[in-house]
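Asks: Listed here are the chains, written in short residue letters.
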Amino acid sequence: MRQTFRLFCCILFLCPCLSTLTGNEIEDTEEYFRLDYSIAAMPVGEGHPDGILPFFHSADNGFVNVILRDPDFEQISDLLQSCVRVYTRDPRVEEVQPVFGEVVASESSLMFIPRFPLSSGVEYYIECAPFIASAETWRSKTYTENFYYTLQLPEENLEPTATVSAVYPSRSELPENLLKFYIHFSHPMSVGKVYDYIHLIDEEGKEVELPFLELGEELWDYDSQRLTLLFDPGRIKTGLVPNIQEGLALHAGRSYTLKIDGDWEDAQGQPMIDGFEKVFGVTTGDTVSPNPYNWKKTWPSAGTKEPIVLTFPESLDEALLQRVLIVQNKYTQIMNGTVKVSDHETRWEFTPSVNWQPGKYRLEIETILEDVAGNSIARPFELEKTESENYRAGPEVVHLNFEIQ
Amino acid sequence: MKIITIRSICVMVASLMLASLSQAAHHGNASKKGSVELSSSGSLAFGPEGVLFLADQKNARILAIKTGDTKVANRGGTYKINDIDAKVAAALGTSPDQILISDVVVNPTSRNVYMSVSRGKGADAQAVILTVNAKGKIDLFDLSNVSYSEAIIPNAPEDKITGEGRRASNKRMSVVTDMSYVNEQLVVAGLSNEEFASTLRAIPYPFKKVNAGASIEIYHGNHGKYETHSPVRTFVPFDIGGDVHVVAAYTCTPLVTFPLSDLKPKAHVMGKTIAELGNRNRPLDMVVYSKAGSNYLLMANSARGIMKVEAMSLDSFDGIVAKVPNQEIAGVPYKTIEDWTGIMQLDLLDPENALVLQQKEGGSMNLMSIGLP
Chain A
1 MRQTFRLFCC ILFLCPCLST LTGNEIEDTE EYFRLDYSIA AMPVGEGHPD
51 GILPFFHSAD NGFVNVILRD PDFEQISDLL QSCVRVYTRD PRVEEVQPVF
101 GEVVASESSL MFIPRFPLSS GVEYYIECAP FIASAETWRS KTYTENFYYT
151 LQLPEENLEP TATVSAVYPS RSELPENLLK FYIHFSHPMS VGKVYDYIHL
201 IDEEGKEVEL PFLELGEELW DYDSQRLTLL FDPGRIKTGL VPNIQEGLAL
251 HAGRSYTLKI DGDWEDAQGQ PMIDGFEKVF GVTTGDTVSP NPYNWKKTWP
301 SAGTKEPIVL TFPESLDEAL LQRVLIVQNK YTQIMNGTVK VSDHETRWEF
351 TPSVNWQPGK YRLEIETILE DVAGNSIARP FELEKTESEN YRAGPEVVHL
401 NFEIQ
Chain B
1 MKIITIRSIC VMVASLMLAS LSQAAHHGNA SKKGSVELSS SGSLAFGPEG
51 VLFLADQKNA RILAIKTGDT KVANRGGTYK INDIDAKVAA ALGTSPDQIL
101 ISDVVVNPTS RNVYMSVSRG KGADAQAVIL TVNAKGKIDL FDLSNVSYSE
151 AIIPNAPEDK ITGEGRRASN KRMSVVTDMS YVNEQLVVAG LSNEEFASTL
201 RAIPYPFKKV NAGASIEIYH GNHGKYETHS PVRTFVPFDI GGDVHVVAAY
251 TCTPLVTFPL SDLKPKAHVM GKTIAELGNR NRPLDMVVYS KAGSNYLLMA
301 NSARGIMKVE AMSLDSFDGI VAKVPNQEIA GVPYKTIEDW TGIMQLDLLD
351 PENALVLQQK EGGSMNLMSI GLP
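Same order as they appear, the protein sequences are chains A and B. Residue numbering for the first sequence follows this note's numbering, beginning at 1 and increasing consecutively. Residue numbering for the second sequence follows this note's numbering, beginning at 1 and increasing consecutively.
Hint data in this document are derived by calculation from the structure and do not stem from the laboratory. Given the structure is predicted, the values throughout are model-derived calculations rather than measurements. Every residue, glycine too, gets a C-beta built ideally from N, C-alpha and C. Errors might be hidden in some of the hints.
[What the hints assert, rightly or not] With a cut-off of at most 27 Å between alpha-carbon atoms, the simulated DSSO-like pairs for lysine-lysine come out as follows:
hint, chain 1, residue 1, chain 2, residue 2
1, B, K272, A, K193
2, A, K193, B, K80
3, A, K385, B, K264
4, A, K330, A, K360
5, A, K385, B, K272
6, B, K266, A, K385
7, B, K135, B, K66
8, B, K137, B, K80
9, B, K264, B, K208
[Claimed, not checked] Okay, the calculated bits of chain B under chain A, using three or more residues with CB under 8 Å as the criterion:
hint, region
10, 77-90
11, 98-111
12, 134-140
13, 174-185
14, 195-202
15, 252-259
In isolation and in its complexed conformation, chain B is listed as follows:
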């Protein structure tokens, strides 16, 4: 959900570092045209010129679909759509309890809103991409004749798969927890359903014929004493002191930063812990934006309102090196915006507004635009 937020940063830093990532033999395909059959629809992210990245994790691939949605708009509409899940269910001809909305993103070019949705909750659930306008009209994004390319994410080491029971029933799958396009590469956070080791993949885009990608092990220093693997729940590229950094929130709650240039093939990246959410509080989604000449990070989390951090403080913060006192959130100075509760998905709609998917008491979902704080 974040690509729009860092477009200006992308330009600043251009094409450096990961050009050398062309190892890590992940297969990919050149651009082709035709029908895309999704097995699943997970995370979404927008790239340049209306390219929509879509994680189809059941097929262990990331698709780059040319939406053709490239008409420039400076402002998004005003969204106030109650019970978006029920409306989606109605359009898909089923009941709201059969709808899962995996992600909501805004095309930063056109300001149009895209949703990744599963219809049905069983193994035969249908994966669809929907668009929704400010009036609440929902349309199916037609995948029957699109230009697309794909990058395959290796699951089990496929070159070692053998027959007759050896790995024949491979149950390993990676889920993509977040994606973001920056500096001509798609950064993908993944989590395995088997080994705990986590990866961030940096996949150059356009995907090459033999697609390049780099898998990076992520650690975080734990108060200066311990370090552990940490799956990334959500992340966003962010300008800190003039360099592109990744600000990543881990499933185990620390918020860390590391320079994007640290993402080198086979690297073991150690993040600087800049904040830690309190117990019972899980990071969900992040965006960055500019307001009145300053950059801010906005993070949705499961237990409290939205957390707002000023970029300047990230630049000067030394990292958490001592035990965190017994409080809700520790680390960099932040503000909590209590009004924004139940935010499950967060993206920038335009320079002044965020688009949020908000879960209400009782579980129904609203899709709203809210002025950036």
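Same shape as in the complex, but just chain A:
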């Protein structure tokens, strides 16, 4: 449950005043400024001309003796770095490295600027190390014990918003050699421990052990809203040890539930509104490549924006359907338009952004297009070696030519 502010600063305000110092160690007081201080913490970007909006923490009981007449802040920069430190654990109790950040001085303040935004919910320990610097030598002397303050950013009171918005393949009958699921979320999700929240449950309510390929590098899209969940290919591939020992994760004739836990946090640290379940039955394995020449095609008429419609005898990979088919005119220029995938990924439509003109066109299809069992147009998921040479030299794209009249 972490809410991270975009930018957050802790500030020591140092108010110069030529008052009498009480410490016995100090002599020659006119060489020094005594600087009373307060600690302030403020989110940047609200109100202040520099984007700083201070709110003050207690300033009752301490002061930092710093600097001097006509301070040259650049010269004392190193000294200032040790003046304020911020920790995530109590440095008086355990050895802990300070938070990365920089102490910056101006005429009236010292500011600790953390290198990364502070996180809400984390208790920060602010250590102020008072010192006195001689105007002549810039040499520091300890004046008092360190002061400590704690600071905790209020947790934002966020409501859960994330849900599972779609799972592909969307149909409820899937082959036992199913290769992957795409899980779409309504909001960006937290990454790093996805396999803790995803379960495959058999019809007796028992969890299938390790059905998925648990990669440290999780297969997300850019926005962390779509996760690609691969079934363990070792269990699918004929004759590999996992295949022999454990067999397929899915068995034909049975039904399973893909279960996503609702306590999976989104990127804001909030759990989902609810968990998600997809119940599906399992059919025998699919080992045949999709063949574009077996697809049903409906071509549009000139002067309209009718869609091109392809229908497939089986569900194909939803993500690839969105991406690997393009329409070209006779000059092989790519036609702009929108793609719609429907009917459990057995139907692909392309609606052009301008009316069709009479002439010759072609659909270009990358042969990486797969069905849900990883059989691509180029080659089945696994091949008998005796066949393999026939497939290796296959084309990267195939074309379906059509003419609009």
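Following the hints, complete the assembly by docking chain B onto the known chain A.
Replies: Leaving out everything else, chain B in the frame of chain A:
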């Protein structure tokens, strides 16, 4: 994590083969100086003269950063840092559950240790490179003014991207599962979040203005009968019989070898299966090293201790051609070093020690140096 391990091999084989890889139009940039804004920090690898390769997969690029960390050291320090994830979190000003350590590598020149870390777990997580010394002091590697160059890894065929909904919401991304520099090229194993076909890219370094790279389809023979695409989880260049080979562990568990010279543009490389991990056991990381005149391969995996293989056995092993009996690991002779458990990341610290990122029960991480077996 492996480049140090094969430096001597690199010298032996020099600049042959992939000089001709200058097709495959991947854009790249000449070296420049300035601030590097990372969108993500994934795999790391060191190249020559302190060059750190870094996979920024959200930006679909690999950066080559001149660290300037070139002072030669023959030995690394003694690392025994408990709860490194908590210490990293403290330095980054957040809680340990917000830290992901993607990779840990040793600069083979200076023996300094670099970590690839995400701070935060959402889409707005910050990517950072940290260094850590043997005393446990963690520093931010400053990317605000560095000399660097980059190689772009194509995601969707970008020249075909069109507007108005056509591919406008392209969700395809490749993750880099491992990288290694050998023979003036960076070899990069990638896995797509869409099509299953896997690639090994060999990208000549220094990256050229129009960067060259070759995408190679990887297959593996499955007990002589079947062949399949296989994404590479981790790999290491390795000298077998005097030639540089790639020893690659697949996500589906076979361990295969193929000559580096097989990596030609548009090639379909078929590996020789030399071992297979048992079920519930995933390859995680590998290094090679020399000891007492022999070369060894060390592989971390998810279920057992570290697996140690002598190079000589790879040279003479014919490959698995029959069904594997019902055992944990089949193929080349190997030793299991049971003490090394929970090893997530593995690199050579110096000629006598490995550096490991070890996950303890309960999930916390230790960064340790351990004498090579």
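Asks: For the region 252-259 of chain B, does the count of residues with a C-beta closer than 8 Å to a C-beta of chain A reach 3?
Replies: holds (count 3)
Asks: Measure nothing beyond the straight line between the CA atoms of K385 (chain A) and K272 (chain B); if it is 27 Å or shorter, mark the hint as holding.
Replies: Distance of about 14 Å is within 27 Å: holds.
Asks: Under the criterion that the straight-line Cα-Cα distance not exceed 27 Å, is the pair K135 (chain B), K66 (chain B) satisfied?
Replies: Holds, because 25 Å separates the two Cα atoms, which is no more than 27 Å.
Asks: How does the coverage statement for the region 174-185 of chain B fare against chain A, requiring three or more residues with Cβ below 8 Å from a Cβ of that chain?
Replies: holds (count 3)
Asks: Given the hinted pair K193 (chain A) and K80 (chain B), is their Cα-Cα distance within 27 Å?
Replies: Measuring from Cα to Cα gives roughly 26 Å; hence the hint holds.
Asks: Verify the coverage statement for the region 77-90 of chain B against chain A, using a C-beta to C-beta distance below 8 Å and requiring 3 or more qualifying residues.
Replies: Satisfied; 3 residues make the cut.
Asks: Holds or violated: the region 195-202 of chain B covered by chain A, criterion of 3 or more residues with Cβ-Cβ distance under 8 Å?
Replies: Our answer is that it holds, as 3 residues pass the Cβ test (under 8 Å) against chain A, meeting three.
Asks: Is the straight-line distance between the alpha-carbon of K137 (chain B) and that of K80 (chain B) 27 Å or less?
Replies: 12 Å, holds
Asks: If you count the residues of the region 134-140 of chain B with a beta-carbon closer than 8 Å to a beta-carbon of chain A, do you get 3 or more?
Replies: With 4 residues closer than 8 Å to chain A, the region 134-140 of chain B meets the three-residue bar; holds.
Asks: For a C-alpha distance cap of 27 Å, please report whether K264 (chain B) and K208 (chain B) respect it.
Replies: Distance ~18 Å between K264 (chain B) and K208 (chain B) Cα, so the pair holds.
Asks: Has the given pair, K272 (chain B) with K193 (chain A), been kept, meaning a C-alpha gap of at most 27 Å?
Replies: 33 Å, violated
Asks: Between the region 98-111 of chain B and chain A, see if three or more residues pass the 8 Å beta-carbon test, and mark the coverage as holds or violated.
Replies: With 3 residues close enough to chain A, the hint holds.
Hint violations for this structure: number 1 only, all remaining hints satisfied.
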